[in-house]
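S.K.: Read off the chains here:
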Amino acid sequence: MSNRIYVKKTYKLFINGSFPRSESGRTYEIKSAKGVFIANPSLASRKDLRDAVTAAHAAQAGWNKVSAYNKGQILYRVAEMLEGRRAQFVDEIVSVTGLTKIKAEKEVTDSVDRLVWYAGWSDKLSSLSGALNPVTGPYYNFTVPESMGVIAAIAPESPSLLGLIDAVAPIIVGGNTVVVLASTKAPLSAMSFAEILATSDVPAGVINILTGKQDEIAPWMASHMDIDGLDISGLATTSHSAVRIAGTENLKRIYSFKSADPGRILAFLENKTVWHPIGL
Amino acid sequence: MSFDYAPAPESRAIVKIKAKYGHFIGGKFVSGSKHFPTINPATEEVLSQIALAGKADIDAAVKAARKAYTQIWSKMSGKERGKYLFRIARIMQERSREFAVLETLDNGKPIRESRDVDVPLAAAHFFYHAGWADKLEFAALGTSTKPHGVAGQIIPWNFPLLMLAWKIAPALAAGNTVVLKPAESTPLSALLFAEICQQAELPAGVVNIVTGDGSTGALIVNHPGIDKIAFTGSTEVGKIIARAVAPTHKSLTLELGGKAANIIFEDAAIDEAIEGIVNGVFFNQGHVCCAGSRLLLQESIADEVLEKLKIRMAKIRVGDPMDKNTDLGAINSKEQLLKIQDLSAIGDAEGGQRWSAPCEFPKKGFWFAPTVFTGVTQAHRIAREEIFGPVLSILTFRTPQEAIDKANNTPFGLSAGVWSEKGSRILWASQQLRAGVVWANTFNKFDPASPFGGYKESGWGREGGRHGLSTYLKGVGHE
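Top line first, the protein sequences correspond to chains A and B. FYI, the numbering used here numbers position 242 of the first sequence as 242, with every residue one higher than the one before it. Every number in the numbering used here is 1000 more than the matching position in the second sequence, counting from 1.
Chain A extracted, bound-state conformation (with noise of 0.2 Å):
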């Protein structure tokens, strides 16, 4: 077998569920961190992003609808199948970060772990953050958490798969749709993931994936009147203060992350208060 040329993935961007090529027609060069040449993944375009949040935007209604149990199991049967696929995932780390094989399947293990946990909130939520408020006079008053649109991320550079995890899952859990721009540099595992979730039960649309340049992309997403909330913990931090001045033009909720707990799913959640009187 020593002989036999090996074939080669063409890495393409994820949008409703299909992998089409950049429009733009743009790529950008991958080589290991020995220097060796990858891939030639898609370099997305403004076009792309728009693309993606037509996409996100037909889809999220009908995720929202479905309930907080199936969700939950949807986003379950992501993290079954990335445990299956631990080696192909830990490969790509360690060709195109560099990092130890032990450190890259630690990622791995963290990431399906972390799917997993985030799978778990989706029934609770409403147990965590809804209420049954005690009001003054005859009325029944309660607050419940909503989906609040479709939010846009951008991951960081690294960890390249756990922190495309992190960016994606507490978005969609709560009934977001979402469009993440993944690591520049190693944006392998993002499009390995997207191959994940196209086999998966997550309907198209509901996870959109690009690759390509903060610089090029972030400006968009925060000025793009259709997308209601930003997740900046990937961006480098010297452009925090244009993306956030930018996405006042809709009044963007944009947050950026240091951890992964419940808060950062509640971000992207809206909560809605109903009151109705009590009386015969």
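It should be emphasised that the hints constitute simulated quantities derived from the structure, not laboratory data. Treat the hints with caution; some may be incorrect.
[Unchecked claim] Derived coverage of chain A by chain B (criterion: at least 3 residues anywhere in the stretch with Cβ under 8 Å from a Cβ of chain B; other residues may be distant):
hint : segment
1    : 131-137
2    : 262-271
[Stated by the list, open to error] Computed cross-link-like contacts, BS3-like style, restricted to lysine-lysine with a CA-CA straight-line distance of at most 30 Å:
hint : chain 1 : residue 1 : chain 2 : residue 2
3    : A       : K65       : B       : K1406
4    : A       : K213      : A       : K124
5    : B       : K1075     : A       : K124
6    : B       : K1020     : B       : K1445
7    : B       : K1310     : B       : K1334
8    : A       : K103      : A       : K31
9    : A       : K103      : A       : K185
10   : A       : K31       : A       : K65
11   : B       : K1020     : B       : K1334
12   : A       : K12       : A       : K31
13   : A       : K213      : A       : K47
14   : B       : K1445     : B       : K1422
15   : B       : K1324     : B       : K1034
16   : A       : K258      : B       : K1445
17   : B       : K1239     : A       : K258
18   : B       : K1075     : B       : K1020
19   : A       : K124      : B       : K1445
20   : B       : K1028     : A       : K124
21   : A       : K258      : B       : K1075
22   : B       : K1310     : B       : K1363
23   : B       : K1075     : B       : K1034
24   : A       : K34       : A       : K106
25   : A       : K47       : A       : K31
26   : B       : K1146     : A       : K124
27   : A       : K12       : A       : K124
28   : A       : K213      : B       : K1239
29   : B       : K1067     : B       : K1028
30   : A       : K47       : B       : K1020
31   : B       : K1079     : B       : K1067
32   : A       : K124      : A       : K101
33   : A       : K213      : A       : K8
34   : A       : K47       : A       : K65
35   : A       : K258      : B       : K1135
36   : A       : K213      : A       : K12
37   : B       : K1055     : B       : K1083
38   : A       : K65       : B       : K1422
Remember, predicted model here, so these are calculated numbers, not experimental data. Each residue gets a CB set at the ideal place from its N, CA and C atoms; glycine is no exception.
With chain A fixed as given, assemble chain B onto it according to the hints.
M.R.: Frame of chain A, contents of chain B only:
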């Protein structure tokens, strides 16, 4: 036979308004340099001269707040902090008549509303949040319980004391100290509140009240010594503040404008709905960000509702806010009256049909009759823009889905109303409406335990309940 109401004026003897006020900084009243008048909008009488805070005043207030935060408030246990809030709540209750009269004189709202709504709710907010002060770990849902530090708070003129309570009570309970600026046209109740802080022996600098106009607000927003900004007001100003705060470390909550749809389905209890429509848009002269200013009527009942609504509107008593029988008081300022008149004229020009309840106005002061526009479409400015006055735009719909689509067709998302006797329809509509508060078979109800705040361009964060408290902690949402 006529059943006219005899005049029932509230006495103003209970309040003593000084000729001139300064700022409340570091636990003391300090005199200002420049002053501007605050007037009674029902009589145009000048009530007092109010200090206009400049940079030096804001610097002093922030410094006092920082010192109080660092040396006292951040070191005090939640249990002890809470006791101060309980004290404030109690003193507000004790002096509630004084607050109500002062509020009505300065704001123009009917004494019945300041007495029965604004002041008791303000005291309730302090009482509610007092109990949170030593339970923050349960409010933070496993995230950080740390306060932000010094909070700068800017409040509007429509519910002066109540908005102060919405801002100060959770900020203090969470362990922040505050610099608060009341609205230019309604500063008096906040200055009376400063006296309450003294009576409660609140440590100096924990609450600082500075008065002024928009320029004073900008100084607060842009002050580098402030860690948290909370603003209630228009979406336009809210966006300016958001832009100013965006490149800084400051956390921000915003309660902004609205254009709430009040949906009446054909299976609603019509007489109750009429009361709900009237309360929804004419409460507080329509100076309410969550006012039900877009009435959506199902076509089959539109004529009946309109006819009954006009009969009911003709019974609204407009006039002296100090009269206990008054329903609709004075428009808060000449500027606001002009805005309402302008937008109503645009409503005429764009083809809406205006009808106003017949009423006689006092000779002085600022007044606007309860008004409805029919023949309004979604494209009309009076159906899209916040009028912030007693003006109702009426649209119709045929199917429930059309009602929801029209209701949600706005960049705002603060509140909505839905009227139906069918439980499943109420819950369905409540789910579909993109608004932070949905009043079903009721409208304009508020409570300290009930989170209030908007979706979309109606704001960031909530006020009231655990959700509101958490905006004053660093943890939940990681701002």
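S.K.: Each hint: holds or not?
M.R.: Hint-by-hint comparison with the structure:
1. 131-137: Coverage by chain B holds for the segment 131-137 of chain A (6 residues, Cβ < 8 Å).
2. 262-271: holds (count 7)
3. A:K65 to B:K1406: Distance of about 21 Å is within 30 Å: holds.
4. A:K213 to A:K124: Violated - the C-alpha atoms of K124 (chain A) and K213 (chain A) are around 36 Å apart, more than 30 Å.
5. B:K1075 to A:K124: At roughly 35 Å apart (the allowed maximum being 30 Å), K124 (chain A) and K1075 (chain B) break the hint.
6. B:K1020 to B:K1445: Not OK: K1020 (chain B) and K1445 (chain B) at ~36 Å, beyond 30 Å, violated.
7. B:K1310 to B:K1334: Between K1310 (chain B) and K1334 (chain B) the Cα gap is close to 27 Å, so the pair holds against 30 Å.
8. A:K103 to A:K31: holds (20 Å)
9. A:K103 to A:K185: The given pair, whose Cα atoms are some 18 Å apart, holds under the 30 Å limit.
10. A:K31 to A:K65: Outside the cut-off at roughly 42 Å; violated.
11. B:K1020 to B:K1334: holds (22 Å)
12. A:K12 to A:K31: Holds - the C-alpha atoms of K31 (chain A) and K12 (chain A) are around 16 Å apart, at most 30 Å.
13. A:K213 to A:K47: Cα-Cα ~14 Å, so holds.
14. B:K1445 to B:K1422: holds (21 Å)
15. B:K1324 to B:K1034: Not satisfied, since the Cα-Cα distance of roughly 36 Å exceeds 30 Å.
16. A:K258 to B:K1445: With a Cα-Cα distance of about 38 Å, the restraint between K258 (chain A) and K1445 (chain B) is violated, given a limit of 30 Å.
17. B:K1239 to A:K258: Holds, because 26 Å separates the two Cα atoms, which is no more than 30 Å.
18. B:K1075 to B:K1020: violated (36 Å)
19. A:K124 to B:K1445: Holds, at about 28 Å.
20. B:K1028 to A:K124: violated (48 Å)
21. A:K258 to B:K1075: At roughly 26 Å apart (the allowed maximum being 30 Å), K1075 (chain B) and K258 (chain A) satisfy the hint.
22. B:K1310 to B:K1363: This hinted pair holds, its Cα atoms lying about 25 Å apart.
23. B:K1075 to B:K1034: Violated, at about 36 Å.
24. A:K34 to A:K106: Answer holds: K34 (chain A) to K106 (chain A) is near 22 Å, not above 30 Å.
25. A:K47 to A:K31: Holds: K47 (chain A) and K31 (chain A) sit about 26 Å apart, inside 30 Å.
26. B:K1146 to A:K124: holds (25 Å)
27. A:K12 to A:K124: violated (35 Å)
28. A:K213 to B:K1239: The hint holds at about 28 Å.
29. B:K1067 to B:K1028: holds (15 Å)
30. A:K47 to B:K1020: violated (60 Å)
31. B:K1079 to B:K1067: Holds, at roughly 21 Å.
32. A:K124 to A:K101: violated (36 Å)
33. A:K213 to A:K8: Cα-Cα ~23 Å, so holds.
34. A:K47 to A:K65: holds (28 Å)
35. A:K258 to B:K1135: OK: K258 (chain A) and K1135 (chain B) at ~24 Å, within 30 Å.
36. A:K213 to A:K12: With a Cα-Cα distance of about 14 Å, the restraint between K213 (chain A) and K12 (chain A) holds, given a limit of 30 Å.
37. B:K1055 to B:K1083: violated (33 Å)
38. A:K65 to B:K1422: Status holds; Cα separation ~22 Å.
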